[in-house]
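Enquirer: Sequence:
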Amino acid sequence: MSTRGQFNTKNPTIKRILKEASELANNPSPDYHAEPLENDLFEWHFTLRGPPAPSPYANGIYHGRIQLPAAYPLRPPAFRFLTPTGRFEVNREICLSISGHHEESWQPAWGLRTALVAIRSFMDTNASGQLGGMDSSESARKKMAADSSAWKCAGCGMTNGEIMKEREDAVRQLQDSGKLKEEEVPEELKLAYREDLQQQPAAQSSAAPQPEPTSAGTSAETPRSAPSTQETSASSSRGVTARSIPIESAPNPAQSTPVPVNTRPTLTPTRTVAPRAQPQPVQGSQTSDDWLDKAIWGVIFALVLMVVRKYL
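At position 268 of the sequence shown (counting the first as 1) the number is 267 in numbering that gives the first Met the number 0, and the numbers step up by one without a gap.
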């Protein structure tokens with residue numbers, strides 16, 4: 000391609016575009032083809048066959064444009080058909096889950112080859128009045144398909160039939176050498192309008208399987224009645240142990256009901272807390288006071304005796 004020298008080939012976007020162009024050229028398909036323009040790597044033209052019979056597009060060969068964003072492949076490409084199809088409006092960007100209108104559903108791992116395969120399979124769906132889609136009669140679509148082979152693109156300078164004939168010859172050569180590879184559409188790639196994609200989770204939740212009846216005519220939940228005896232026995236055993244706990248901790252076994260048994264243990268600690276531990280320091284203080292009184296009186300008595308002896 001003459002455009003290679005006009006771009007920085009170290010740019011990740013340019014490298015990705017050149018890689019995809021090389022893969023499409025070296026591994027052609029008899030059903031579709033795409034390549035960038037000579038003067039613009041970000042604008043491609045594609046040609047694809049219609050879906051196989053009994054589709055009304057079975058005999059059609061359609062041409063269109065692909066516009067790649069500057070952030071490709073992080074952002075999805077935009078598609079528009081130039082050949083009348085009866086399914087998409089001419090030269091108007093189509094609103095698909097893989098196009099620029101729905102960037103949230105695009106994955107950078109997908110390429111233009113995968114997108115073309117998906118668009119081809121999407122042609123048989125209903126337009127549903129969405130952007131870029133149109134409704135036509137089956138006879139009108141068949142007539143457009145018959146006339147599409149002779150449609151000629153001014154930019155490419157070839158008719159749709161001539162472009163696909165070159166692809167068929169290239170595919171035939173690869174088949175003889177055993178190097179032809181088939182492209183598969185990943186399961187994660189869903190081609191639908193955004194409204195349809197939003198309705199799918201609701202439809203799946205409403206279609207959740209219900210419990211099926213058994214052969215005896217009862218629901219599948221009836222076997223739960225079997226372990227009910229185990230549950231009752233377990234609950235009864237728990238009740239027995241729960242009732243036995245306050246009886247063991249009761250200070251008065253003569254009580255017949257657990258109500259006073261539970262109240263007495265809370266009162267007994269208040270009686271036996273420490274009031275009786277205080278009399279000992281009180282007695283010691285009284286004896287020490289008595290000893291001091293006696294000592295004082297003894298000193299006074301001795302002084303009195305000394306005075307009496309001195310003057311007598």
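Since the hints were made in silico from the structure, they are not lab data.
Worth double-checking, as some hints may not be accurate.
Capping the alpha-carbon separation at 16 angstroms, the derived lysine to aspartate or glutamate pairs in EDC-like fashion look like this [said to hold, decoys possible]:
id : residue 1 : residue 2
1  : 151       : 168
2  : 141       : 161
3  : 164       : 39
4  : 141       : 123
5  : 151       : 161
6  : 14        : 30
7  : 18        : 34
Enquirer: Could you run down the list of hints and mark each one as holding or not?
Expert: Each hint tested on the structure:
For a cut-off of 16 angstroms, the pair hint linking residue 151 to residue 168 is broken: about 20 angstroms separates their Cα positions. At roughly 20 angstroms between alpha-carbon atoms, residue 141 and residue 161 are farther apart than 16 angstroms, so this suggested pair is violated. The straight-line distance between the Cα atoms of residue 164 and residue 39 is roughly 25 angstroms, outside the 16 angstroms bound, and the hint therefore fails. Using a Cα cut-off of 16 angstroms, the hinted pair residue 141 and residue 123 holds, with the two alpha carbons roughly 13 angstroms apart.
Proposed proximity of residue 151 and residue 161 is supported: the alpha carbons are some 9 angstroms apart, at most 16 angstroms. Between the alpha carbons of residue 14 and residue 30 the distance comes to roughly 25 angstroms, so the proposed pair goes past 16 angstroms and is violated. Our distance criterion of 16 angstroms between C-alpha atoms is met by residue 18 and residue 34, whose separation comes to about 11 angstroms.
In this structure, the hints that do not hold are numbers 1, 2, 3 and 6, in rising order.
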